[in-house]
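Chains A and B supply the protein sequences, listed in that same order. When we follow our numbering, the leftmost residue of the first sequence carries the number 1, and every step to the right adds one. When we follow our numbering, the leftmost residue of the second sequence carries the number 1001, and every step to the right adds one.
Honestly, the hints are just simulated from the structure, not real lab data. Note that the structure is a prediction, hence the values are computed from the model and not measured. Watch out, some of these pointers could steer you wrong.
Residues from chain A that face chain B, not an exhaustive set, calculated with beta carbons under 7 Å [as the list claims (entries may be wrong)]: (1) 16; (2) 42; (3) 43; (4) 44; (5) 46; (6) 93; (7) 98; (8) 99; (9) 100; (10) 103.
Distance windows between CB atoms, simulated [claimed, not checked]: (11) B:1052 with A:29: 31 to 39 Å; (12) A:81 with B:1008: 20 to 28 Å; (13) A:26 with B:1059: 35 to 43 Å; (14) B:1041 with A:80: 23 to 31 Å; (15) B:1015 with A:55: 41 to 49 Å; (16) A:104 with B:1062: 17 to 25 Å; (17) B:1042 with A:98: 14 to 22 Å; (18) A:45 with B:1059: 22 to 30 Å; (19) A:81 with B:1040: 15 to 23 Å; (20) A:19 with B:1059: 29 to 37 Å; (21) A:17 with B:1076: 39 to 47 Å; (22) A:94 with B:1038: 26 to 34 Å; (23) B:1013 with A:66: 51 to 59 Å.
Built from N, CA and C at the ideal position, the CB exists for glycine as well.
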Amino acid sequence: LAKTTQPISMDSYEGQEVNITCSHNNIATNDYITWYQQFPSQGPRFIIQGYKTKVTNEVASLFIPADRKSSTLSLPRVSLSDTAVYYCLALTGGSGNTGKLIFGQGTTLQVKP
Amino acid sequence: EPEVTQTPSHQVTQMGQEVILRCVPISNHLYFYWYRQILGQKVEFLVSFYNNEISEKSEIFDDQFSVERPDGSNFTLKIRSTKLEDSAMYFCASNYPSGTPTDTQYFGPGTRLTVL
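One chain only, chain B, in its complex shape:
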């Protein structure tokens, strides 16, 4: 079964550094998402992306965050200047065909980001 992959599985960084989290969505999917989950808390929506542009973003997704689909397969989340509170598990997800909530969303295994 096709799956969403994410790299790295664990990223440790110093506060103020830039990080890029990478995702490879399922190949025929058109809608892409990033979520995060702080340890012990619920999964939170960050951003949705379709047709090379952001379709929706949450209040969490401020100017420090950006997303990009640099080629036909990768989908990245960049955090420009990490803060301690950015420490969390970051999940990439994708779905098809219409990108509505009722389409099954496929999540990757996550990247654990630790900011020191």
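For reference, chain A alone in the conformation it holds in the complex:
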């Protein structure tokens, strides 16, 4: 499993764009970058997943450069309700890989008014 490194914490203000960078220097060819979000006292929730370039959904965008050694989760115009822990995971696709998720400490995002 590729190790990921992300900042332990970030602060932002309402209405700002937040970018959380994740490093994964040893990412494997069939690894996908996946982000989960966890609100206090709740289970993690899938946000977005990508392999290369840019992926966008209704919640966030994910930018992955050509070398795939890092990625950036972008949250546009955050609100107080985006205060949560954000986990970056490098997950191996394909058969033969069990579904277990290995979470790190994540990035605690605190959005202030």
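Since chain A is already given, all that's left is putting chain B on it; use the hints.
Chain B alone, transformed into the frame defined by chain A:
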């Protein structure tokens, strides 16, 4: 949107007692998981379950733990003799179709277990 449900939301028990945590995964999912999160720490994988058997378990999942799918909807985690260090939030999760890590995993709201 379908969701994973868990009961109870909070369970308080005495050390040495048995507890059963219950989960109802999303109905068409085939792969089921339990994770735990000790207060202030990271989410830890316990066990994965597919086709009525354990497919993988972590070092945490020792002989005191067992899982079962007693019927077509419930998925349970039993702790035979609870210890103080079992106090944690326990999350059930499920996914589909292939159970690989890249399939979105849906987590329940968790059961907070407090061992006194």
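Given hint residue 44 (chain A) near chain B, where the shortest CB pair must fall under 7 Å: For residue 44 (chain A), the interface hint holds, since the closest Cβ of chain B sits about 5 Å away, which is under 7 Å.
CB-CB spacing for residue 1059 (chain B) and residue 19 (chain A) relative to the 29 to 37 Å hint: Cβ of residue 19 (chain A) to Cβ of residue 1059 (chain B): about 36 Å, so the range 29 to 37 Å holds.
Given hint residue 93 (chain A) near chain B, where the shortest CB pair must fall under 7 Å: 4 Å, holds
Status of the given 35 to 43 Å range, CB of residue 1059 (chain B) versus CB of residue 26 (chain A): Roughly 23 Å apart at Cβ, these two residues miss the hinted range, so it is violated.
Hint validity - residue 99 (chain A) Cβ closer than 7 Å to any chain B Cβ: 4 Å, holds
Cβ distance range 15 to 23 Å for residue 81 (chain A) and residue 1040 (chain B), holds or violated: At 22 Å between Cβs, range holds.
Distance restraint hint 20 to 28 Å, applied to the beta-carbon atoms of residue 81 (chain A) and residue 1008 (chain B): 26 Å, holds
Residue 1042 (chain B) versus residue 98 (chain A) beta-carbon gap, inside 14 to 22 Å or not: 19 Å, holds
Interface hint compliance - residue 103 (chain A) to chain B, C-beta minimum distance less than 7 Å: 4 Å, holds
Proposed interface contact between residue 43 (chain A) and chain B, which counts if any beta carbon pair is under 7 Å: Because about 3 Å separates residue 43 (chain A) from the closest Cβ in chain B, which is inside the 7 Å limit, the hint holds.
Assessment of proposed distance window 17 to 25 Å (beta carbons of residue 104 (chain A), residue 1062 (chain B)): 24 Å, holds
Minimum beta-carbon distance criterion (7 Å), residue 42 (chain A) to chain B: Hint on residue 42 (chain A): holds, closest Cβ of chain B at ~6 Å, below 7 Å.
Checked against the numbered hints given earlier, the structure breaks hints 1 and 13 and satisfies all the rest.
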